[in-house]
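Residue numbers (UniProt numbering), protein chains in the order written: chain H, 1 to 126; chain R, 1 to 312.
These are calculated hints, taken from the structure and not from any lab test.
Incorrect hints may appear among the rest.
To be verified - Cross-link-like lysine to any residue pairs, in silico, SDA-like; alpha carbons within 25 Å at most:
| hint | chain 1 | residue 1 | chain 2 | residue 2 |
| --- | --- | --- | --- | --- |
| 1 | R | LYS280 | H | ALA61 |
| 2 | H | LYS32 | R | ARG92 |
| 3 | H | LYS32 | R | LYS280 |
Quick caveat: nothing in here was measured; it's all calculated off a predicted structure.
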Amino acid sequence: MTGATFDTATLYGLCGAALVGIGLFGLVLDPKPIRKILAFNLVGAGVFLVFGVIARRGAAAGFGGDPVPQALVITGIVVAFSATALAVTLVQRLSSAATDAGQPGQAASVPPKGETGTPGQGDAAS
Amino acid sequence: MTETAFFDTLLVVTMIGLAIWMIVVRDVFAAIIGFMAFGLLLSLVWLRIEAPDVGLTEIAVGGGATGVMLLRARGLASAGDAMNAVPSVPFRVLVGVLAGAVALFLGALVVFPPAVAPTLAPLAAEHLASTGVGNPITAVLMAYRAFDTFLETVVVLLALIGVWSLTPDGAWGARPRVASADVPAPLLLLAQWLVPLGIVIGIYITWVGADEPGGKFQGATILAAMWMLVMMAGLRSAPALSSRRLRIALVVGPAIFIAIGVSGFHFAGAFLAYPDGLAKPLILAIEAGLLISIAAMLGMLLAGPPLEGDRP
């Protein structure tokens, strides 16, 4: 890191970069959907933080940071929340569909009780 | 090492530690609580890099509301056991190397920035007076890039429609179940005492957003949280999805936004352009409508759809 200025913004920028890496690792490797959503939010937090550092470096005209990227990050946080809400509800519905179809995880081998011959439903659910 | 440098280092180390813990801890509940604590620390970081508006959003939406949302689904972690296959060691190493490479690349971008940092701050400052608001971020959200903000509210609305469309067939039009069977007494007390205060704070944060850090998204999240508290304590049940009043509340903000935007063609020559001298009152009108709509959207997103067995 010689030759480059190392200030507060740089420190937090590196923190953001590390968060993206940690989040990606969890996103790919953790098999549980809810943990994937959590890890994805971690990636998002890291990306926002790097972007915030870029905004901080663009400080000018008496502002502590460039207001345009800051406003974009605010938009991003709200959109990330909406996407999380949709993802969580999808997982919830998926799991209740799997439970309806039989034992969780074994849905494919157990035909749905009381249904009129829809063996494909278990596959779709799990 | 100065005090602030020590604080910065401590904050970064704690956050990275929390992030790693969130990924490796076995208990999902613990991971989600870790995420909420992480959100609180992250909002401190936003204060340190001179972005208090983002910090407020992070603490309200990023950590708080997202954490509550994840808690709703934590019981599902045991479901879908077919998805619990543990990846092999070589694959884990490969993913670790690739994720590390992405982090290193981003880190390099941070450490070796361009000689002249790109910025739009002077442009934002130049026209600030004509918008009538003092907070440059509100000016970006409501004047310079108002179209983005409009689309953002539509995205939240679309997400809500997506969530509602996952309602089981028999439960369509029912009220989402939020309150637990027996409400703990402290929660009831909290809902009775905190909510009036929270409503005032939520409206205040929106109002000062014109000139100081704050704004409708942060205020609306606080209002939505207060609404959730009332519903969780069982003081009021959630509105039915088919409720006309709810639907009006959901669309009033975007509707005002579109109306003012389209009238901009006539009075100022472009979509979402404000006539001279009227920018501030028009922005306030849009923000007031959006406050109601976004609070309703976030509240209903948090409440989730009605479940199997709920009857309209």
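Hints, one by one, checked against the model:
{"no.": "1", "hint": "LYS280/R <-> ALA61/H", "in the structure": "22 Å, holds"}
{"no.": "2", "hint": "LYS32/H <-> ARG92/R", "in the structure": "16 Å, holds"}
{"no.": "3", "hint": "LYS32/H <-> LYS280/R", "in the structure": "48 Å, violated"}
Going down the numbered hints, you'll see the structure goes against just number 3.
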